[in-house]
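> In case you want the letters, here they are:
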Amino acid sequence: DARVTQTPRHKVTEMGQEVTMRCQPILGHNTVFWYRQTMMQGLELLAYFRNRAPLDDSGMPKDRFSAEMPDATLATLKIQPSEPRDSAVYFCASGLGQVYSNQPQHFGDGTRLSIL
Amino acid sequence: KNQVEQSPQSLIILEGKNCTLQCNYTVSPFSNLRWYKQDTGRGPVSLTIMTFSENTKSNGRYTATLDADTKQSSLHITASQLSDSASYICVVSLMNNNAGNMLTFGGGTRLMVKP
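Protein chains in written order, with this note's numbering: chain A, 1 to 116; chain B, 117 to 231.
Don't read these hints as lab results, they were simulated from the structure.
Using N, Cα and C, we set each Cβ at its ideal position, and we do this for glycine too.
Here are the computed lysine to aspartate or glutamate pairs in the EDC-like style, where the Cα-Cα straight-line distance is at most 20 Å: (1) B:K173 <-> B:D185; (2) A:K78 <-> A:D57; (3) B:K153 <-> A:D1; (4) B:K153 <-> A:E44; (5) A:K11 <-> A:E83; (6) A:K78 <-> A:D56; (7) B:K173 <-> B:D200; (8) B:K117 <-> A:E44; (9) A:K62 <-> A:E83; (10) B:K153 <-> A:D109.
Anything over 12 Å on all C-beta distances counts as not near chain A; from chain B, calculated: (11) L130; (12) A184; (13) T186; (14) Q197; (15) D200; (16) P231.
Where chain A lies over chain B, by a calculated footprint (3+ residues, C-beta under 8 Å): (17) 153-166; (18) 205-211; (19) 220-228.
Excised from the complex, chain A in its bound form:
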C-alpha cells in the first residue's frame, strides 16, 4: 500500500536553528502539498508543487520558510531561522491533481516540530 513518507517524525530544536523536513511522495503523483497544523489555527496550506514546479506558496512566511522539490521523489521544507511560533505538525501530501481538483490527496503522518 503506497504511502507518503515524512522524516523526521519528531524534531526538537532551539530557536534560531535551521530545520529541514523531508517528504517522499507516492510514486507517480505529480502534485505535492505542504500543510501546517496547530491547535489554535487548525490546518493551513503552506505551499504546493505540480510537476516539481512551485505553483503557490502564498500561505508560507517567505522570510524564513522555503520549499523545494529537487527531484520527483523528494520535497523539502526548510525554516531558517526557526522561532517558537513555528512549533506545529507539518504534513506533506501528494496527489494527481491541483489543489482545487477532485483528486484525493494522500497525507503523510507529519513531522511534529517543537522550537524551544
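Once you have looked at the hints, place chain B on chain A.
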C-alpha cells in the same frame, strides 16, 4: 470572507449509534468539498470529495451530503465503531482563480465513540 464552520466541536456517542456532523461554508466560487478523518498522531485520510453537482457520496459507513444552495454539508456515520473515534475535518476548495488561499479549512469535530 471565505469561512468553513463545523459543528459540533466535539461529540461523544455510544458504539453502534449513528451520528451526523455538520459543515457550513461561505466559500465562493466553490469547486469541491472534502471530508477527512484524522486519527490522533496521524495525517488526515480522505473520506469523500463532492463537487457542486453532487448531492451525496458514500464511503462504507460514511455518507456525505451537500446542499450547494444553502452551502451546507453533513457527514453521517452509521453504526459507529470504536475506530471511528477521531477528528473529522471539512475542507472547501475555491475554483482556480489564480489567487492564494485556495483551501478553507473547518476547525474539525472531535468524535469519541465509547463502548
